[in-house]
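Using the sequences and the hints given, assemble the complete structure.
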Amino acid sequence: MTSRTYYDVTQWPVGDPYKDIGLVINSMIKDIKRNQSQIDLDEGGKPGATIFIPPGDYHLETQVLIDISYLSIVGSGHGFTSSSIRFNLSQANEQSLHELWPGGSRILVNLKPRKDDETSSAAFLIKRDGSPRISSVEFSHFCIDGLHFVDDGSSEKNPENTYINGKTGIYVACAQDSFRVNGMGLVYLEHGIIIKQADALSIHDNFIAECGNCIELRDWGQASKITDNLIGAGYKGYSIFAEHFGGLLISSNNIFPRGASSIYFKNVVRSTITSNRLHSFYPGMIDLRDDSSDNLVAANHIYRAHEPWPPMQDHDNGLNDLYGIVRIDGNNNSLIANHFSDILDSTSINPIGTTPVIIHLINGSGNYIASNHIVATTETENSLEEEEKDSSDSCFSTQVTAMLSGEAARSINFLAVQVDPPSSHNMILDTGTSSQIRMDKTSNACRPLPEQPV
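Residue numbers for the sequence shown follow the working numbering, beginning at 4 and rising by one.
None of these hints come from the bench; they were simulated from the model.
Ideal placement from N, C-alpha and C gives every residue a C-beta, glycine not left out.
Errors might be hidden in some of the hints.
[Stated by the list, open to error] Now the in silico label distances, taken between C-beta atoms and shown as ranges:
| hint | residue 1 | residue 2 | range |
| --- | --- | --- | --- |
| 1 | S278 | E64 | 35 to 45 Å |
| 2 | N161 | S139 | 35 to 45 Å |
| 3 | N161 | K33 | 38 to 48 Å |
| 4 | H376 | V17 | 57 to 67 Å |
| 5 | Y371 | L44 | 26 to 36 Å |
Structure follows, in structure tokens:
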């Protein structure tokens, strides 16, 4: 059925959606604008429309340009499956797979990037000048697949592991209001979602993984949320990045490896990171930078481990264990009631022989760090050997085996909190013993935990 406000890409008379869905959707948007040209018709006139994408594989050769409000692009399933696992299997194992590619309502991005314009290879580009801001554009329940990463000239032997291809799933290049990205699947894109100047944005219940960067909130923004997503970037990029933002809520997400940073704030203020489960193979998991101030980081489970999967063990984010799992540059932040699991074997601590830092306050005053529980353990060499011997070459089984192993765990030394000068007037309560806190106690307040009995 096709109506003035409901469009099915498989029923549209212009173009072939299986060969170029971009051309088809652009034609539909032109039709919507042609049918909804009056800005005030019986106190309405531009209600927008829904574009439906049934399950299927749709190549995109032409970028979709969205310059109208109240548009919903809807599919019938996010279709995510791991391309990284498949691309790292042997050919013999690949022959036994039930399927090779992501599915559902799937868009295959075939655009060629231009070095002078990062928007050129975005599957969906949202851009409109003038007033009012473009509003209420929604993406839901379909898959955007970048297909392949490419050789970037590095030492990586498998180009599918570079996380580089110049492609973006959704790029919002202008100020906007009340956008929604719900139930989507994004995979093998260098940039999953880039949104500039966001206001009242909702990114909810998506599967965004195996992308160079997953979610990037650029320029500035306010009053938005990233909730209940499954997210995991590559070792070169961010799972969640935000800059010059106020009032951002990041809650109830499961953020897994291998992002260079799980959550990276650059001059973000009065925002909340709460009730997330974060898992990473590198330091710098939560990085509050450039005077990020007056933020609440509470009740998160923050799990740092070593990389167990052989194809990725040569990669890291370039940071060592003195950097800190959480790093703070800013004032009046609260870091309260988080649970840290720092599970490292002795050979994976970098630099070898040093004491890992959990919370690193590099600059700021008025920060409140209280009641955080830190579990820092390593495993005996024998248990690690057994783990490696029993693990298959499957990323899934290897990571689960590593996560669940703990029978031979033993405690290791760690610095719970390090406060660098000239930081002052910060309060550290019940987050480590006196020997686990390194700070100038004449200019900062500290109430340490009692030392454990020998």
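To see whether the hints hold, each was checked on the structure:
In this structure the supplied range 35 to 45 Å holds for S278 paired with E64, their Cβ-Cβ distance being about 42 Å. Between N161 and S139 the Cβ separation comes to about 41 Å, which falls inside the hinted range of 35 to 45 Å. Under the hint 38 to 48 Å, the C-beta atoms of N161 and K33, about 42 Å apart, fit the expected range. Distance hint for H376 and V17: a CB-CB separation of about 60 Å, consistent with the stated range 57 to 67 Å.
Under the hint 26 to 36 Å, the C-beta atoms of Y371 and L44, about 55 Å apart, miss the expected range.
Checked against the numbered hints above, the structure breaks only hint 5 and satisfies the rest.
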